[in-house]
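**Q** What follows is the residue order along each chain.
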Amino acid sequence: MAADVGGVLTPSKTTGFRLSGIYYFFRRWPVIPVFLLALVLFAGVTAPLIAPHDPNLQSLTERKQPPFWYSAKTETQIQTVVQRVLPGSAPQISLSDAQKINPAAQIGDTIEVEQVLRPGGSTKFLLGSDQLGRDILSRIIYGARISLLAAAVTLVVGGCVGVLLGLVAGWYGGLVDEAVMRFVDILLAIPLVLIALVMVATLGASLTIIVAVLTIFIWPRFARQLRGEVLQLKNMDFVSLARVAGASTPRILFVHIFPGTINTLIVVATLQVGIVILLEATLSFLGAGVPPPTATWGGMVSDGRNYLAGGFTTGSWWISTFPGIAIVLTVMSLNLFGDWLRDKLDPRLRQIE
Amino acid sequence: MVTQAATERDVVLRVNDLRTYFQTRWGTVKAVDGISFDLRRGETLGIVGESGSGKSVTMLSLMRLIPMPPGRIVSGSIMLDGEDLLQLSDGEMNRVRGSKIALIIQDPMTSLNPVFTIGNQVSEAIAIHQNIPKRSVMEQALSVLRKVNIPAAESRMRDYPHQLSGGMRQRVVGAIGISCQPQVLIADEPTTSLDVTIQAQYLALLKELQQDSNVALIFITHDFGIVAKMCDRVAVMYAGRIVEQGSVRDIFNRPSHPYTEALLASVPRMEEDVDRLYSIEGQPPTLHDLPPGCPFADRCQYVMERCREEYPTRTTISEGHDASCWRLI
Amino acid sequence: MTTANAIVPESGAPASGGNALLEAVGLKKYFPVTKGLLISKTTGHIKAVDGVSFELRPGETLGIVGESGCGKSTTAKMMLMLEDPTEGFIRFEGSEIRATDAATRREYRRSVQAVFQDPWSSLNPRMRVKDLIAEPMVINWEISRSEIQERVLKLLNDVGLSAYHANLYPHEFSGGQRQRLAIARALSLNPKVIVLDEPVSALDVSIRAQIMNLLKDLQAEYNVSYMLIAHHLATVRYMCTWVAVMYLGRIVELSPVKDLFANPSHPYTKALMSAALPSHPDTVQEEMILTGEVPSPLNPPPGCHFHTRCPFAMDHCGVDEPQVKEVGPGHTVSCHLF
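Chains as they are written, first to last, in my numbering: chain A, 1 to 353; chain B, 1 to 329; chain C, 1 to 338.
Hints are supplied without guarantee of correctness; some may be wrong.
Non-contacting residues of chain B with respect to chain C, defined by C-beta distances greater than 12 Å in every case (computed) [what the hints assert, rightly or not]:
| id | residue |
| --- | --- |
| 1 | F37 |
| 2 | D159 |
| 3 | H222 |
When the alpha-carbon atoms are kept at most 27 Å apart in a straight line, the in silico BS3-like pairs for lysine-lysine are as follows [stated by the list, open to error]:
| id | chain 1 | residue 1 | chain 2 | residue 2 |
| --- | --- | --- | --- | --- |
| 4 | A | K234 | C | K154 |
| 5 | B | K134 | B | K207 |
| 6 | C | K130 | A | K234 |
| 7 | A | K64 | A | K234 |
| 8 | C | K270 | B | K207 |
| 9 | C | K130 | C | K216 |
| 10 | C | K130 | C | K154 |
| 11 | B | K134 | B | K147 |
| 12 | B | K100 | B | K134 |
Because the hints were derived from the structure by calculation, they are not lab data. The beta-carbon is built from N, C-alpha and C at its ideal position, and this holds for glycine as well.
In isolation and in its complexed conformation, chain A is listed as follows (with noise of 0.2 Å):
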């Protein structure tokens, strides 16, 4: 009896979904973000090497040129042939210019006139020009450039000053950290926008000031993580132990609980680039960015935001779209990257197997 029941037993075809062999290896290693910021981080390393043109380059004559694979847009409209076009009137058209389509037309005629209202894409400019007659692609590739640069001197200004007062805070308590937790406090409840305005108002814009302000504004969520990983691991009975056999506390503190802070600063700091590169985008678009022409992806949503009227028929929404898309897949990269790092390295938090 015990024999033939073999292997029916598992009751829990309910619980035991089966995750089918592709879904469950995108599911375990994020393979679509790191191929995307893979992408962001050789544009932005080389720029100058791959871009098609000089992304400040302007061109006059090939201003809002639509993306490669647009052809052209014309319509058919039925004109009265006159001597001189008024303005003002009914759909008119002179009579030279209707003897080019058709030369037997007169004065009086009606006539078919194909009106070009868009010109089509070229291979030129593969993402479209802007209405400067830039090339979008190639501004892409630049600005992916400022994106980073401006992430990186963040997170290691901002990484510093987190870690060394979270750290401290965590270890000491007490009135320590009460002042440096309020001082956190408040400046996570300063709106971020309104200091960046009122500082480029005052000092001008600049590359500089914008990391500043990020960097103010980025160290205290450095500081609250780790100084609640401090508050955990200075309980650990390896520190108590450091103690007794002597250590000072600087040693502790650094060779005792800071490498145990290693994996979550690493998940903070993914998670954080993600937003540094969303608020740049942000302060850029607003005006308070990186100064033009510089190319900056907020700079670059900004610029086109008055020629999307009209939508995708008329307008020339290719201007604000593509570095818009830029920002979304990096900074969605990022969170996706930064979750799947968690829950490899933490495995408090551990979700997938």
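Take the given structure of chain A and dock chains B and C to it, following the hints.
**A** Quick look at chains B and C alone, frame taken from chain A:
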């Protein structure tokens, strides 16, 4: 099998050749590998073993609470009251769990939910398993609380766990355990986290409950002290198998498996001076990489060549006392 | 009042006193309980340790038993200088450690090491075994790399591990092996005292005897004294020469180990023994199950702290604090029954 169980009086639980395996990335772990035992009405069975011996997986298998996957009950039968728990559907098992076979988990102090009243928590267990009107649920909850000697039970029903002393909370947990008059009550390391005087109170309570309700009790423990104090029979587990089982006096007076013998000799005694404890060398084996033959062979002081080649057969030493060791053959 | 309860060494210490290596005199640790966020007000004190005195002689093992919350771990922390006593002092080789110069205190730190209960939390998971064991030497001794290396290997060998273990990380070891590593690290500075805080209670039963025997062997080899914090009486009987029984921050009974088990005097000691699990089903135990729980150390009962649970309590037990009385050679009890 049903008729056979009915003829043997008093056997409430009969486990036969139970095997529970886990699929891990290191291969198949045979956490429980062919264990069989009987449990009689009113009896206390101790299942003793170290971490990794399979005692907790045994308990989870009895309750059908093995996480599947990765776990799987591969074969065997668990006959409770004439029905094989392994043949029940999930829904049927949910009804059995808590009503016929109940579990008291590790720490009786933290297993009450702080946001519900005592009355709520006791009556919940009753309401789930018995289809009776709300009023009689409350009455039954009250009578269970009285049964475990909670003074002023009516007013205690409205209290929250934090308003009760630790001893009272223990009694409430006990009350939940027996609220549906289970036939088998499993206590999984019920006292490991308790102080000795609190532990003594709790063990006394369990004994009292058992005598009142005649429930069969299974103690899952690593502590021979609990076995000596509480149990009528003992099953000693090592690496997923029962290596020896017998009455508590058989085990303590005539330990026949070298592991049992060594384990008893390695525990310090409070009643007498011991010059030097016997110490079992080495570590318990890892279950995914078991050598052929007897898994205790590497740590055994009587090891023979045969021990490393095949697993020893079960040998009966006296009635109700058997062990699996080549030395006994 | 404060000294009345303390077991004053002059009256309580055995005849052989005077060559004590480590002495605690009237140790107290009160943790303030505060209320209010910004302007905090102390509303009371948790009297974790409330006047504890004992001494430890070379090569001996002093066991401190009691239930959770009795103050045994706080006492251990004070001995390790992880907590400062609120009152009382610690004397090491005759000099009071808080009153002396920094050099003597460093010497004390070096001489008193520790092994804790949980071998999973007591080893830094990010350090290799060789760095873990070497760390105390790196901090305290000025010796060369190769000397340290050599000593690490000797220590590993002494605790029953092999040289190849030196390059592994702690997570690659089992609980028992990790406890061996912790012991090796504690021994690295040739300490005179090791505080063992429940060193075997987190281990598997079959491993406990290994570690206890190892500790005994090392005690003889390194001539080190142990202060063993434990809740398991049988462990104490096996390991210790002296035992102090603590209840609610005070030592209620202090005795040579044989005498304590032959002749437990304080009602609480008796209750602990009757509550302890027997080692054989036929062991006859005195049935003395205490009712209730340990009262809160925030507001300990007046008089004898134990009188609320004591089956022999008399009227004045709840009023007067019991004096320390000697009931045998070196065997002292704080109880009105004597």
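**Q** Determine for every hint whether it applies to the structure shown.
**A** Hint by hint, here is what the structure shows:
{"no.": "1", "hint": "F37", "verdict": "holds (19 Å)"}
{"no.": "2", "hint": "D159", "verdict": "holds (17 Å)"}
{"no.": "3", "hint": "H222", "verdict": "violated (5 Å)"}
{"no.": "4", "hint": "A/K234 x C/K154", "verdict": "violated (30 Å)"}
{"no.": "5", "hint": "B/K134 x B/K207", "verdict": "violated (30 Å)"}
{"no.": "6", "hint": "C/K130 x A/K234", "verdict": "holds (22 Å)"}
{"no.": "7", "hint": "A/K64 x A/K234", "verdict": "violated (60 Å)"}
{"no.": "8", "hint": "C/K270 x B/K207", "verdict": "holds (22 Å)"}
{"no.": "9", "hint": "C/K130 x C/K216", "verdict": "holds (24 Å)"}
{"no.": "10", "hint": "C/K130 x C/K154", "verdict": "holds (11 Å)"}
{"no.": "11", "hint": "B/K134 x B/K147", "verdict": "holds (20 Å)"}
{"no.": "12", "hint": "B/K100 x B/K134", "verdict": "holds (21 Å)"}
This entry does not satisfy hints 3, 4, 5, 7, going by the numbered hints stated previously.
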